[in-house]
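Given chain A, put chain B in place with the hints provided.
So the sequences go chain by chain: A and B. For the first sequence, the numbering used here assigns the number 53 to the initial residue and increments by one for each residue that follows. For the second sequence, the numbering used here assigns the number -9 to the initial residue and increments by one for each residue that follows.
Just so you know, the hints here were simulated from the structure itself, not pulled from any lab data. What you are looking at is a predicted structure, and each value in this text was computed from that prediction instead of being measured. Any given hint could be a false lead.
Mimicking BS3-like on lysine-lysine, the simulated pairs with C-alpha atoms at most 25 Å apart in a straight line are [as the list claims (entries may be wrong)]:
#: 1; chain 1: B; residue 1: Lys239; chain 2: A; residue 2: Lys173
#: 2; chain 1: B; residue 1: Lys383; chain 2: B; residue 2: Lys338
#: 3; chain 1: B; residue 1: Lys383; chain 2: A; residue 2: Lys184
Short, incomplete list of chain B residues facing chain A, as computed with Cβ under 8 Å [what the hints assert, rightly or not]:
#: 4; residue: Thr25
#: 5; residue: Glu193
#: 6; residue: Val200
#: 7; residue: Gln205
#: 8; residue: Lys208
#: 9; residue: Pro224
#: 10; residue: Ala227
#: 11; residue: Asn252
We put the beta carbon where it would ideally sit given N, CA and C, even for glycine.
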Amino acid sequence: MEILLQLVYSGIALGMIYAVIAFGYQLTFATSDTLNFGQGEALMLGALVALTLVDRLGMNYWLAIPLVGVFGLFQGALVERIGVRPAIKIKSEFGWIMSTIALGIIFKNVAENIWGRDDLKFPSPLPESPLKIMGANVLPMELLVIGGALLMMLAVEFFNRKTIYGKAVVATFNDRDAAKLMGINTGLVITFSYALSSLTASFAGMLIAPLTLTGATMGAVLGLKAFAVAIIGGLTSGMGIIVGGIILGIAETTTGFYLSTGYKDVPGLVLLLLVLAVKPAGLFGKSAIKKV
Amino acid sequence: MQRRTHLTILASLMLSTGMALAADPIKVGVTGPYTGGSSSMGVSMRDGVKLAISEINKAGGVLGRQLQAVERDDEAKNERGVQIAQELINKEKVVATLGFINTGVALASQRFYQEAKIPVFNNVATGSIVTQQFKAPEFPDNYIFRNAAHDSIQAPMIVEEAIGRRGFKKVAILADSTNYGQLGREDLEKALSAKGVKPVAVEKFNIKDVDMTPQLLKAKEAGAEAILTYAIGPELAQIANGMTKLGWKVPMVGSWTLSMANFIDNAGPGGEGARMPQTFIQEANTVKRKAFIEGYLKTFKPKNNRIDSPVSAAQGYDSVYLLAAAIKQAGSTDGVKIREALENLQTKVEGVVTTYDKPFTHDDHEAITANIPVFGEVKGSKVVYAYEEDRQKGADIRTKAVKKDAAAAKQPAKK
Chain A
53 MEILLQLVYS GIALGMIYAV IAFGYQLTFA TSDTLNFGQG EALMLGALVA
103 LTLVDRLGMN YWLAIPLVGV FGLFQGALVE RIGVRPAIKI KSEFGWIMST
153 IALGIIFKNV AENIWGRDDL KFPSPLPESP LKIMGANVLP MELLVIGGAL
203 LMMLAVEFFN RKTIYGKAVV ATFNDRDAAK LMGINTGLVI TFSYALSSLT
253 ASFAGMLIAP LTLTGATMGA VLGLKAFAVA IIGGLTSGMG IIVGGIILGI
303 AETTTGFYLS TGYKDVPGLV LLLLVLAVKP AGLFGKSAIK KV
Chain B
-9 MQRRTHLTIL ASLMLSTGMA LAADPIKVGV TGPYTGGSSS MGVSMRDGVK
41 LAISEINKAG GVLGRQLQAV ERDDEAKNER GVQIAQELIN KEKVVATLGF
91 INTGVALASQ RFYQEAKIPV FNNVATGSIV TQQFKAPEFP DNYIFRNAAH
141 DSIQAPMIVE EAIGRRGFKK VAILADSTNY GQLGREDLEK ALSAKGVKPV
191 AVEKFNIKDV DMTPQLLKAK EAGAEAILTY AIGPELAQIA NGMTKLGWKV
241 PMVGSWTLSM ANFIDNAGPG GEGARMPQTF IQEANTVKRK AFIEGYLKTF
291 KPKNNRIDSP VSAAQGYDSV YLLAAAIKQA GSTDGVKIRE ALENLQTKVE
341 GVVTTYDKPF THDDHEAITA NIPVFGEVKG SKVVYAYEED RQKGADIRTK
391 AVKKDAAAAK QPAKK
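Isolated chain A (complex conformation) (with noise of 0.2 Å):
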């Protein structure tokens, strides 16, 4: 029991992991319909540029957040000017696909220019020694990324249903020619939320560094489990992304352990393809239909 307990802890905090880094995905696609491939790539270049910002110039690691934030902003910001923009201009399909990988493989020589490809340790705001609750252990940082976590979710939940900006949003997502026509400035919107995206990838980013090691190829691995969380959860909902997290985690723990660890990575992707089999939408999706 106290065993299964562990696993799902230490699931639930993987999963976070992963959780944080997917909403960004999230988003990009609520007005755009498009996705950043880059978020690996943004989320290490926030931790590693939080990383200098603490290590080298010896700044308070909470005092860092805002200005990651800021540079997550212009980073984001940036792809969707250069990737992301000229493609929908032209209404094409695919190519924001090839542009923000491509931009994501540039950041990723940038940052080893940089920094150089050796992993590096990111020293933990929090204390390294675990907590007991209810007999299995827990690191402090692995609560502070949960919190992270669940307050990004809030974030997003409160922003899209409540604020006007919010509705901006939804709008822009549901059918970009009548949101312009009703005087929204849908461009603004997409490079908004692409800033908005690389924001939170660059938290996610400062969020994980302590657990996870830092250095500019944290971002593939990590990415790519992202991607697979969003699609489970499903791409528009915020709750979906926590949940989907948490499945993939716990799934990858348990089949860890009570399986065989060569294979852990398989229940999670086996899921993925069963999600999109029978509820392409995600979990918690709502799947758009399409009038034309």
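Quick look at chain B alone, frame taken from chain A:
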């Protein structure tokens, strides 16, 4: 009379221009991962090589010619290694190549050198089959040499340390899913079964995995008293961090990669006490080692005066001196002659790892035997001697065991 002096001057002038023509530098390939997860080994090896080359050049070079390192980053990728091998052979026309950190890259790239009859010195890669790839009788001559402790030396050492010396009854094996990890796991299982021990858990993980909970819980539940590892720095650090998280700490004993800087730094206090076989420990206990360590620290200024991977640096350094001795003896830079000289080296080569006295024969291309490595331990973020008696006897040079012993030592590992 005057005429004759004129002639001699003319002749000496001609000679000296002839010399200048012949004094093109001797190009030596240096290949390894200078970026990425195994870069602490690659960069330390390269710096060790550069240090030795600059010393030799200052002393007049080899055969009156300067040595020149042609450095290439193989990024620990097999396909990069293959490209580099072809470039170094065909375009740079190197005389020999030193390097290879990753067993997989070595296995993929060596074929080209073997075919071109150019000697390769593996100064870090440890996979047991690295020097066995082109064995007789299919290949009459083998161009692959090594001065690193191969896995069939390391695995029995690890098992002897855990089972024999420290008396653990139950051990778990944690290895990564690469060639290195899985070949090492096989060697470990073989060495364990030779002692009649079956590991209570054998787990694997992927490069870049961030959570080791299931693997560690399995080991813990099976009652493991120690964890034997075969992986590289970053993931080893995640294992140590995972143990800290579970509040379960058992000794880690593993292959020499536990001495990598990116393990020690990323694991922090969780990595203290980890033990691994080492051919060299950064301690100035002989004149030669003192000069080497001081030269390295002065030239490359590593952080906290700690060589990132002392073993790689020392073996890289020694490989240059072995090669230089062979070129000198061969009196030529021809690959075949260098190989013949290496297989029958007449001069003793004093290196920092050991003194090499006839390190190679035609059929034995391993310079390091089981008696040479000692156990290192992570202590205060540095690798030190694990045993006091080894430290005290550190100045005694352990030389290669004579052929009979070497064969005997190798026998159980092969079975």
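Hint by hint, which ones does the structure fall short of?
Violated hint: only 3; rest satisfied.
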